[in-house]
Amino acid sequence: AQSVTQLGSHVSVSEGALVLLRCNYSSSVPPYLFWYVQYPNQGLQLLLKYTTGATLVKGINGFEAEFKKSETSFHLTKPSAHMSDAAEYFCAVSEDNDMRFGAGTRLTVKP
Amino acid sequence: DGGITQSPKYLFRKEGQNVTLSCEQNLNHDAMYWYRQDPGQGLRLIYYSQIVNDFQKGDIAEGYSVSREKKESFPLTVTSAQKNPTAFYLCASSMDHPRADGYTFGSGTRLTVV
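Taken in order, these protein sequences are the chains called E and W. Letter 59 of the first sequence, counting from 1, is numbered 59 in the working numbering, and no numbers are missing. For the working numbering, count along the second sequence from 1 and bump the result up by 111.
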């Protein structure tokens, strides 16, 4: 069965700094991988996804993620953090009939 | 605009009461899901349905019930058997498998026991 581990429940960066949120997965078959963002008291919104093809995936709001099979990782990055990026981020893996979510990483952006 | 509507946004339940959370979608999605979210625990699957009149238990189905009489609707009932129902509940939908498109989520219902 697939699973997801997000390293770091809280990440704090300064405005303009690099954002790096870490995600490692386990899957018995080639996975579909996703990053979602959640703002307070709202549902999750899809940021980006990897299915097949190019391993560097670009998403909304300037975020991107790279699928590294050898490292079983799918880390999320953004070159320059903005105050509006403060939210909770969830990595997820989909395999067959199920999608498994990580525990989430709360991103704080300091002015 | 197509999407998922959850209602109410906030719900208060007294001890021993059953309450029903509404989830409606107009995306023509086949599959629908209910997740429970608690701080620091991510999302845990309660029930899911891949087709009308059929649904499956997820990881934490005890104390919950669902129905899928229409493609557009997937209500969740939190029964009195659920001992710790205070949480944020999220409904989602997707096209049929494989789930390469990801899920579309509603805006959630926050349930509090008073």
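Just so you know, the hints here were simulated from the structure itself, not pulled from any lab data. The structure displayed is predicted, hence computed values, not measured ones. Among the clues, some could well be false.
[Stated by the list, open to error] Here are some, though not all, of the chain E residues that point toward chain W, as calculated from beta-carbon distances under 7 Å:
id, residue
1, S28
2, Y32
3, F34
4, Y39
5, P40
6, Q42
7, G43
8, L44
9, L46
10, K49
11, G102
12, A103
C-beta: ideal position from N, C-alpha, C; glycine also.
Evaluated hints:
1. S28: Violated, about 14 Å.
2. Y32: 5 Å, holds
3. F34: Holds: closest Cβ of chain W sits about 5 Å from F34/E, inside 7 Å.
4. Y39: 10 Å, violated
5. P40: Violated, about 10 Å.
6. Q42: 5 Å, holds
7. G43: Result: holds, 3 Å to nearest chain W Cβ.
8. L44: 5 Å, holds
9. L46: Holds: closest Cβ of chain W sits about 5 Å from L46/E, inside 7 Å.
10. K49: Where the cut-off is 7 Å and the nearest Cβ of chain W is about 5 Å from K49/E, the hint holds.
11. G102: OK, holds: G102/E within 7 Å of chain W, min 6 Å.
12. A103: 4 Å, holds
Hint compliance for this structure: hints 1, 4, 5 are broken, all remaining hints hold.
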